[in-house]
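For chain A, the structure is supplied; the task is to place chain B on it using the hints.
Residue numbers (my numbering), protein chains in the order written: chain A, 94 to 623; chain B, 2 to 340.
One thing to keep in mind: the hints can contain errors.
[To be verified] Computed beta-carbon distance windows for the label pairs:
| hint | chain 1 | residue 1 | chain 2 | residue 2 | range |
| --- | --- | --- | --- | --- | --- |
| 1 | A | Leu607 | B | Gly55 | 32 to 42 Å |
| 2 | B | Gly160 | A | Val611 | 35 to 45 Å |
| 3 | B | Asn319 | A | Ser408 | 24 to 34 Å |
| 4 | B | Gly103 | A | Ser418 | 33 to 43 Å |
| 5 | B | Pro304 | A | Val611 | 28 to 38 Å |
| 6 | A | Leu98 | B | Ser325 | 52 to 62 Å |
| 7 | A | Leu146 | B | Asn319 | 35 to 45 Å |
Read the hints as simulated data drawn from the structure, not as lab findings. Treat the numbers as computed from the prediction; the structure is a model and nothing was measured. Cβ atoms here follow ideal geometry from the backbone N, Cα and C, with glycine treated the same way.
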Amino acid sequence: MEKRLTLATAAALLAVIGLLPVLAMVASSFHISGSFSLKAYQALLASSQQYALLLGRSVLLSFLTSALATVVGVPLGVLVGKSDLPWRGAFAVLFTVPLLIPPYLIAVAWGAIVGKGGWISQAFPSATSDLLSAAFFGLPGCTVVLFTAFMPLVMLLTTTYVGVVNPRWEDAGRLVSRWPHVLRRITLPLITPAILFAAVLVFLLAFGEVGVPTYLRYPVYPLEILTQFAAFYDFGAATAAAIPMLLVTLAILALEYRLLHNPILELRAVMPGATRRQIALGHWRFAVFGTVLGWALLTVVLPLAVLLIQSASPSAYIEAFSRASGSIVRSLAFAVIGATALTLLGFCCGYLIHSRALPLWRSVDALALFLFTLPGIVIGIGLVSLWNTPMTNAIYGSPAILILGYLAQYTVLPMRITSASLDSIPRSLEHAAQLGGASWFMSLNYILLPLAKRGLIAAWLISYVFCLRDIGISMTVYPPGSDTLPVRILTLMANGAPSLIAALCVILIVVTLLPLGVVSFWLRHSARQS
Amino acid sequence: MKKAFWIVPVVFVALAIALWRYYSPGGAPTVVVYVSHDQVFSEPILRDFEKETGIHVRAVYDTEETKSAGAMNRLIAEKRNPQADVYWANEPIRAEVLRQQGIAAPYISPNGLGIPETFRDPNGYWTGFAARARVLIVHRDTSPKPTSMLSYTDPRWRGKTVIANPLFGTTTTQIAALFVLSGDERGHAFMQGLRDNAVKVSPSNGDSADLVARGEFAFSLVDSDDVVNRMKQHQPVEMIYPDQGVNEIGCFVVPNAVVLIAGSPHPAAGKTLIDYLLSKETERKLAFSDAAQIPLHPDVAGPSYLQPIASIKVMKVNYMEIASKLQTILPFLKSWAGF
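In isolation and in its complexed conformation, chain A is listed as follows (with noise of 0.2 Å):
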């Protein structure tokens, strides 16, 4: 009863602070001037041909960045992971970097380098820099910029996942085979639900980016939904704009389960006290070793150094720090406290989804699915029109309703993560505390949570980054005054100098680099002591 209670409540959870804003803009589509009308989905099909070159373009964005994402990323993962990589705990970090900084930073920062006027430009010939600044103005550039930024969530969703695949299985495939045989017939296939979820993930969420196609020149469908918004001030259409988006999520979310119909979840098994098993690389260790460093310097280390070249003046960062020091801190913040949210309220949804125990836990992934693909500024709508009463004052004046916000956008993460994690615990340990006697809350306590902690470590470290580089939902709800560090550096960018920018973009990515180290000392503090 208290299992079923407490799924129930969180799911009641997610569709008042998710749903109701969306339904109430949905709403707001259906009344011009007080009255029904369905003006705004007649626009929409009238102008459809043109609309479906946009959502064909985002389409082909979205596919190509995902399957890049994953063809480097979980590669990347188990290398990191599970193999004797030398420095590979710094690549990890190394290639997280992008997916602290909002995107449209790094194409800022990619512009410099192949741009015309770029670095390229004055170290090629006009012919080949050129070729490579029409190539980076384009789909191409688009797709680069947009693998680079969400790349890592491949890698760190494989690195998480291959740690927790059980070692027995692995053993038995050692026996017979060698570690390219074990981890195509073993280990991927084991942990090809997180992988599914991280490409889907990078599918969403470069299908719902803004900002890197119009710096880029690529017309893509959600700059309908913005230009309906910002040049016409009209939410109703805007909202009507997003049904499409709508059903491409829908798509994807029936060929994800579609793919998941027969699924071997149940192989997999975390065993107290089991050791993980490492690739010995062997003679390839240095070549591989080569590759990764080459691939970190050429997609990662070089739009860095561009920050970091035009910040490298302490002037910048003195002014840096007196412009921003309280967004710096709010930011940290309110992602601390979103983070934990998300991870309670994706910790109960993703039990949900795991034990199946409510009848509707389909469509509350599906929700949490569908939230997470709408752009922020409908969701961020939504919020003032349903919150911003005089009895919710107290909400909507406070950052609570940033926390709302992160809450209604975010969940499918943790929650993905979650059950993903559960996934891998013998359901024997939970039935047998069950029949010891154990109440929910105790087998939560005793069984599930310590046995999911990295799951839920990486829940919580996925949502702080998110929630840290939030800017649709920020930018529309921050109560006034309290704006956080993304958003800062954005409405700095216009006209702002490009050295105090960089030095904005460099202290987000330290502040998000903070709680990791911390996190990550931790880790290995308690795994030293056990």
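Just chain B, lined up with the frame of chain A:
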């Protein structure tokens, strides 16, 4: 270990709440302002206001450069329960939209009386100050130099010019002004001319200015502050006030505009802030800052690189008419821009 698992998040959250409370404003008198003018220029003005009046400013910043339009959307969405006292718009059209939607309240500031009537709403729903001119940024190597907005349609410049997306910001306003001044037929012809002459569309005025500064294009129509910034960075560009000839239409001038929000929570503090923004001293500061705004008070001197408003042949248009025209031509602009 299990204890630590719970303690760490609890400590994190407690620390976060403590920091959040530390940085939250106390009980000082407060004014809430939504700002669409670039933060890098507007924030120092608001800080000076805080110092001089003791009124704490809580601001929401926005930027047309990134098309977020957060402040306008918030003001419209918050109409039933306004949170803002004042809106500092970077151009009067947004202020006019607020008036039309019943979000603006009338207030005639004594400090605004010296500003020419062209730049004020007659009923006090908004007042303009500190303007930008819509000018041509021209690469230094370009010869001969363009002198008119209509140079865009001159075959001599085919494929060599760039303009910011006409769906957003001051470019939209200027196109609407052209439609008002020249009529729909000539307005459409001009837009078709842009297309026929292979004019490149960039995401923003800032991008257009950068493209010209890098020599990728010969000229672009941008805001005067975009040019002044590049000139201060010693980039190879020049600023030309377009259409200054006897029979030409004149240069389009876009003032900032300040609006008192109807039903605002702190109207008295809001009026104090409006008075401050409309003061000569604020105009002087904005003129000498990197914002390079042209003072509209006739007796406020600006820096040498800015022409005084009296010496510029200004396009004679009514901002209310432009706002109305904008609503009618936006679908056309949307389809022109390919959205």
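Quick rundown of the hints versus the structure:
no., hint, in the structure
1, Leu607/A with Gly55/B: 32 to 42 Å, "36 Å, holds"
2, Gly160/B with Val611/A: 35 to 45 Å, "55 Å, violated"
3, Asn319/B with Ser408/A: 24 to 34 Å, "45 Å, violated"
4, Gly103/B with Ser418/A: 33 to 43 Å, "39 Å, holds"
5, Pro304/B with Val611/A: 28 to 38 Å, "49 Å, violated"
6, Leu98/A with Ser325/B: 52 to 62 Å, "57 Å, holds"
7, Leu146/A with Asn319/B: 35 to 45 Å, "38 Å, holds"
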